Every structure is written in C-alpha cells, then in structure tokens.
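Peer 1: All chains should be built: construct the whole structure from the sequences, respecting the hints.
From first to last, the protein sequence lines stand for chains G and A.
Those letters in the first sequence? Residues 1 to 442, per full-length UniProt numbering, in order.
Those letters in the second sequence? Residues 1 to 183, per full-length UniProt numbering, in order.
Bear in mind the hints are in silico, worked out from the structure with no lab data behind them.
As the structure is a computational prediction, the values presented were derived from the model and not from experiment.
We put the CB at the ideal spot given by N, CA and C, even for glycine.
One thing to keep in mind: the hints can contain errors.
[Claimed, not checked] Pair ranges (Cβ atoms, derived):
| # | chain 1 | residue 1 | chain 2 | residue 2 | range |
| --- | --- | --- | --- | --- | --- |
| 1 | A | 54 | G | 256 | 16 to 24 Å |
| 2 | G | 355 | A | 54 | 41 to 49 Å |
| 3 | G | 257 | A | 15 | 27 to 35 Å |
| 4 | A | 15 | G | 324 | 39 to 47 Å |
| 5 | G | 440 | A | 54 | 48 to 56 Å |
| 6 | G | 31 | A | 78 | 21 to 29 Å |
| 7 | A | 60 | G | 351 | 48 to 56 Å |
| 8 | A | 15 | G | 335 | 29 to 37 Å |
| 9 | A | 60 | G | 280 | 50 to 58 Å |
| 10 | G | 331 | A | 67 | 31 to 39 Å |
| 11 | A | 20 | G | 52 | 31 to 39 Å |
[Said to hold, decoys possible] Computed from the model, here is a short list of chain G residues facing chain A with C-beta under 7 Å:
| # | residue |
| --- | --- |
| 12 | 7 |
| 13 | 15 |
| 14 | 18 |
| 15 | 21 |
| 16 | 22 |
| 17 | 26 |
[Unchecked claim] Once the Cα atoms are required to be at most 27 Å apart in a straight line, the calculated DSSO-like pairs of lysine-lysine come out as:
| # | chain 1 | residue 1 | chain 2 | residue 2 |
| --- | --- | --- | --- | --- |
| 18 | A | 12 | A | 25 |
| 19 | G | 11 | A | 147 |
| 20 | G | 34 | A | 13 |
| 21 | A | 13 | G | 38 |
| 22 | G | 34 | A | 57 |
| 23 | G | 11 | A | 164 |
| 24 | G | 38 | A | 17 |
| 25 | G | 11 | A | 168 |
| 26 | G | 11 | A | 27 |
| 27 | A | 54 | A | 20 |
| 28 | A | 40 | A | 164 |
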Amino acid sequence: MDDNHLNRILKNQLEEFEASPPTEAWNHIHQELKRDRKIAFHQRLSTLIVILSLSATIFLLLRPPVFQDNVTAGTSEKIIKTDGGQDIQKTDPSTDLINQIAEKSDQIEKKNSQPLTVKKQQPRQVKEEQKTLAANRTGNPEKSRPGQFTTGAAADALPTDVNTPGEDISYESRTSEGRIMLKKPDLSLLPHHNKKQVTGVLAPVLQKAPFSQEETVIPKRSNRFELFAMAIPSMFYHNLETNKSDDLIVGNLEDRNPVSGERVGYKTAVGGAFRYRQNLEFSLGVIYGWANESFNFTERTISGYHTTPSDAEGLSFTTRPEFIENDRTVTFNRRELGIQLGAALLLFKGRTIEQSVGGNIAVHRNLENNARTDFETEDIGLRNYFSYLSVFYKMDYRLSRRFDLTIQPTFNYASFINENETSPVYIKPNNLSLNFGLTYHL
Amino acid sequence: MYNNPELIYACKKNDEKAQKFLYEKYKNRLMGLCIRYTGKREEAEDVFQESFIKIFKNIKNVRKPEYLERWMKHLTINTAINHYRRKNKISFDNIYEIDCESNVYENILSDIDSERLLEIIHNMPDGYKIVFQLYVIEGYTHKEIAKLVDISENTSKSQLSRAKAYLKRKLEGLGITKFERYG
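Peer 2: Encoded structure:
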C-alpha cells in the first residue's frame with residue numbers, strides 16, 4: 001500500500017468533516033460568557049473596594065490625631081461663643097455643663113489677666129524650648145530665670161507672631177462632662193498683651209489658652225451599646241477535604257495567585273456590641289455571604305494494587321496501590337447565613353482612633369448547594385453546617401459623636417459540624433476578609 | 001456580515017451579534033473536529049462548548065486575522081487533548097493487539113465514507129489516534145506533535161507508524177488493499 005496516497009485520501013475525507021452541534025450549545029456558551037463578564041465586573045469592583053479601603057486605612061493611620069474643624073462641625077450642640085473673651089453667649093444650653101464651662105472661662109480669664117511669667121514649676125520642656133528658640137535666633141542663649149521675663153536680644157529675637165489669629169494650633173481642656181475644644185487662639189485678647197509678655201507664653205500647646213472666637217464641646221459617649229453594619233469583601237483560600245469513607249484522594253489544588261480576583265466572595269454583617277468593661281467588648285451579629293467560584297484540582301483514585309515478592313523465596317510480598325489521576329473542576333454558588341459571637345480587647349484609645357484585637361466564632365448554614373463537577377453528576381460538598389473561627393484587628397475612626405468608621409481585617413478559618421456522606425470531597429471555605437462599615441453608638 | 005478583522009474586533013468588545021456570527025460560521029467545522037478527536041458525541045459536545053468559550057475569552061490574542069480559523073482549530077485540538085488527559089490519561093506505551101473484524105469484503109474504497117473511517121480511527125488506541133490525526137490530517141510535524149502532546153519526537157514517530165499499521169490491517173480486514181486504483 002502507498003502510505004502517502006492513503007494519507008491523502010484520509011486527509012481529503014476527514015479534514016473537512018463537519019457535524020452539527022446541539023441547538024442548545026450556543027445558549028450554554030452565551031450563558032457562560034455572561035457569567036464570566038459578571039465575575040469580571042465583581043472582580044474589578046472588589047479590587048476597587050479593597051484599594052479604597054486600604055487607602056483609607058493608611059490615610060487614617062498616618063493622619064495626626066488633632067481635632068479638625070470638620071470633626072467638630074458635625075456636633076452643633078453645646079457651642080459656647082464668647083465676645084472678646086468677656087461675655088459668654090450660650091447656644092443650645094445644657095445648664096450644668098454651661099455653668100461649668102462659664103466658670104472655667106472665668107478662671108482662665110482671671111489667670112490671663114496677670115502677666116505671664118516663666119515659673120519654677122513650669123515643665124522643663126517650656127524652658128528648654130525657650131532657650132532653643134532664643135539661641136536659634138541670636139546665637140546667644142540667654143537664660144530665663146524664674147520670676148523674670150526674657151528680655152534683651154533674646155526677647156527681640158523671639159517671634160511676636162507666635163499666637164497670631166488663624167494659626168493652626170488647637171487647645172483643649174477637659175471637664176468632668178466632656179472636652180472643651182478651643183481654636184484660633186488670639187493673644188491680642190489678653191489684657192496686657194505686648195511683645196515681652198508674649199515671650200513668657202512660649203510653647204502655647206502646653207499653656208491654657210484664653211477663649212478666642214468659639215469653642216466646641218463634645219460630650220462623652222455612653223460607650224456601652226453600639227450597632228454595626230459591615231461590608232465584607234473576602235479572599236477565599238479553599239481547602240479540599242476528602243470523604244475518608246471512599247478511595248478518592250485529592251492531589252494538587254489549582255495553583256492560583258494568592259490575590260487573584262477569582263478568589264473573591266462577599267459577605268455582609270449587621271449586629272450589636274456591648275462594652276462590658278472599659279477595654280472589653282462583646283458582639284453578636286448576623287452574616288450573609290455569597291460567592292460564585294470554580295477551581296481545578298487533581299483527583300487520585302486507587303485503580304488497583306501491585307504486589308511484588310519482597311524476598312528471594314517469595315514468602316513475603318509488598319503491595320503498593322496504583323493510582324489514576326484526573327484533573328477535575330468544581331463550580332459552585334455558595335449562599336450562607338450565619339450567626340456570629342465575638343469579643344474584642346481594646347488596645348489603644350486615642351482621641352479619634354481606637355484599636356482592638358479580638359476573635360469571633362460563627363455558625364453558618366448553607367442556603368444553596370449546587371456545586372457541581374465537570375465530569376460527574378454528584379455534588380461536591382459544602383456541608384450543611386459549618387463554623388468559622390476568626391481572629392481580627394479592628395480600627396474605629398471617630399467620624400462624629402455617634403458614628404465610627406470601622407475597618408477590620410479578619411482571618412476566618414472554616415471547620416465542619418456535620419457530614420454529608422454522599423459527597424466525595426468537602427470544601428472548607430477559609431478566607432481572609434477586609435470588613436469595613438459604620439458603627440453607631442447608642 | 002463581518003470580515004475577519006471586524007469580527008475579531010467586535011468579539012473583543014463582547015459584541016453578542018459578532019459572537020453569534022463567529023459561532024454560526026465555524027460551529028460545524030469545529031464540531032466535526034471535536035468528534036474526530038473524542039470519538040463520542042457527548043464528549044465532543046463538552047469539548048466543543050469549552051473550546052468556544054476559550055475562543056471568545058482569548059480572541060484578543062489573535063494577532064493575524066487571516067489565521068483566525070487556524071487558531072480556532074489549534075485551540076480546539078488543544079482542548080480536546082487536554083480533555084483526553086483529564087479523562088483517560090493517554091497511553092503511548094502499550095502495544096495493543098489488533099482485532100480485525102472481517103465481516104465485509106467489498107473491494108472498493110469509495111464505500112468507506114467519512115464516518116466509517118472515523119469509526120476505524122476512533123477504535124485506535126488513544127496515543128495512535130491523536131498522533132495519527134495531528135500528523136496526517138492536521139499536517140503537524142513530529143516536533144510540533146511532541147511539543148503539543150508532551151512526548152518525545154521518537155514516540156510520536158513510533159505512534160504514527162503503529163497507527164498506520166493498525167489502519168492498514170483494519171482496511172485490509174474490510175477488503176481494501178488497493179488504494180491507488182482510485183487515487
């Protein structure tokens with residue numbers, strides 16, 4: 001037989017071989033493409049959310065903890081206005097508080113009516129700052145003795161505009177009822193204001209300042225109860241666990257980029273928290289989660305056993321299992337509803353930021369279980385009930401008297417509660433999530 | 001109607017009309033290709049759908065519009081080979097004893113239609129079948145086959161030689177010995 005001729009005949013007959021696909025094939029392809037587009041959209045959205053959240057976190061962490069106008073602007077209640085430091089005008093009065101503040105302002109007024117001097121009991125910091133400033137201006141350090149004003153060259157060298165109006169320096173004083181915020185200090189309001197007196201009030205942040213244009217009082221929170229609502233984009237790191245009652249072994253899971261958009265799922269949580277002690281808080285919440293995913297893994301099944309004699313006489317044998325490996329794909333839509341109980345330990349409490357660490361325990365129920373594999377009809381399992389053990393770091397940024405912005409990176413470790421014997425493989429949806437949302441203080 | 005560059009551009013933009021047009025244009029050829037490589041219609045349908053999804057996802061990578069069909073066929077063949085790997089683990093080592101059925105003794109090659117030829121090819125061991133089709137029908141070189149199927153060139157050559165021997169015996173079993181008469 002002529003090989004080439006046979007080849008040519010076969011090629012001619014088979015190269016253009018055509019067959020009709022099933023009519024529903026296009027619908028399947030079309031649906032799959034739509035689903036991919038949807039996933040791509042969610043991936044882009046979640047990436048954007050993660051980037052914005054991280055940016056917000058970095059911004060808030062790097063921002064100095066000083067009250068700004070916009071912080072106090074949201075709390076219109078309890079504002080006291082003074083007129084040149086003389087008359088106190090009250091708006092939205094709270095009698096006790098206003099009286100205390102009025103007393104406080106009188107005391108400050110009285111105090112500031114006397115020339116300010118460098119006193120012996122003033123903090124060393126003030127004196128050192130004086131010396132440094134004078135030395136920098138003149139190169140001739142002059143000592144400020146207690147009971148005397150700084151005079152001479154050093155005094156001339158010292159800035160007279162230390163406390164000019166509009167300078168971005170804030171003051172605060174505390175009362176039993178709350179914090180008094182002072183801004184835009186204007187030393188021209190002092191009764192005996194002149195250059196030499198000014199030299200005596202260096203380091204203004206350490207000095208009780210006179211009232212200037214306005215002051216704002218932010219009352220303390222009760223800090224006992226709060227409500228929270230969170231959006232929780234999560235990166236899932238699935239762990240496949242085989243059903244030990246069959247011969248199936250899961251080999252390599254698909255090697256996927258750790259920050260791949262294919263890992264993304266979403267959860268939302270609402271709930272309440274109760275501050276048990278100053279630094280200990282308990283929370284209870286409801287979580288709803290969803291994710292559409294698919295991933296590949298290698299499945300190994302035992303096809304048989306290979307037995308070989310292990311000694312010359314053939315009296316003993318060694319048996320080794322022989323495996324068949326199949327690449328498989330799992331696709332599943334997960335919907336879950338859970339209850340979560342948590343505790344958080346306060347690590348740091350600043351003026352605007354609180355930082356805590358804590359843990360949660362949650363019990364989840366699968367609302368949907370339509371995971372499917374590419375080759376077989378049986379479900380690949382999400383067990384009906386499973387639990388999450390979580391650890392988190394939480395940062396609350398104070399937006400206003402009532403609201404905090406909460407950012408909470410959390411690691412959730414999944415474990416199972418019940419078993420589904422028909423499933424050859426179980427999926428443990430471990431995940432790393434970035435919870436963010438609002439906390440409302442009751 | 002689209003020409004190839006327009007079609008590729010529109011598919012890149014996820015234009016559903018263009019996608020449908022591309023599908024309608026090539027569906028029969030690609031389905032035929034899938035049947036040739038898988039042997040079973042059900043499996044061929046799976047490979048067909050998977051291939052088209054890959055085509056639409058990766059069409060942005062087509063640089064030369066004139067080779068669109070070739071690229072689609074190559075991608076479909078790749079998908080079919082991967083399907084084989086997943087499903088059956090292709091064996092290139094075993095030498096099968098060939099069971100020639102010799103019920104029919106008609107001495108004319110024209111009686112062998114495409115489907116009968118396909119049946120003979122599908123009855124070949126997997127290794128023979130893939131190498132034979134890639135070499136004889138698709139026109140790949142042994143080097144290309146070796147790279148595609150992840151075997152050595154020598155394995156590819158030996159698989160082809162065995163496939164040809166198998167085919168000849170099968171055809172002889174059907175009474176076909178003189179291909180040159182109708183060449």
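Peer 1: Now tell me if each hint is right for this structure.
Peer 2: Right, here's what the structure says about each hint:
no. : hint                       : verdict
1   : 54(A) x 256(G): 16 to 24 Å : 18 Å, holds
2   : 355(G) x 54(A): 41 to 49 Å : 48 Å, holds
3   : 257(G) x 15(A): 27 to 35 Å : 29 Å, holds
4   : 15(A) x 324(G): 39 to 47 Å : 43 Å, holds
5   : 440(G) x 54(A): 48 to 56 Å : 49 Å, holds
6   : 31(G) x 78(A): 21 to 29 Å  : 23 Å, holds
7   : 60(A) x 351(G): 48 to 56 Å : 52 Å, holds
8   : 15(A) x 335(G): 29 to 37 Å : 33 Å, holds
9   : 60(A) x 280(G): 50 to 58 Å : 55 Å, holds
10  : 331(G) x 67(A): 31 to 39 Å : 32 Å, holds
11  : 20(A) x 52(G): 31 to 39 Å  : 38 Å, holds
12  : 7                          : 5 Å, holds
13  : 15                         : 5 Å, holds
14  : 18                         : 4 Å, holds
15  : 21                         : 4 Å, holds
16  : 22                         : 6 Å, holds
17  : 26                         : 6 Å, holds
18  : 12(A) x 25(A)              : 17 Å, holds
19  : 11(G) x 147(A)             : 22 Å, holds
20  : 34(G) x 13(A)              : 13 Å, holds
21  : 13(A) x 38(G)              : 15 Å, holds
22  : 34(G) x 57(A)              : 11 Å, holds
23  : 11(G) x 164(A)             : 13 Å, holds
24  : 38(G) x 17(A)              : 19 Å, holds
25  : 11(G) x 168(A)             : 15 Å, holds
26  : 11(G) x 27(A)              : 20 Å, holds
27  : 54(A) x 20(A)              : 15 Å, holds
28  : 40(A) x 164(A)             : 22 Å, holds
In this structure, none of the earlier numbered hints is contradicted; all agree with it.
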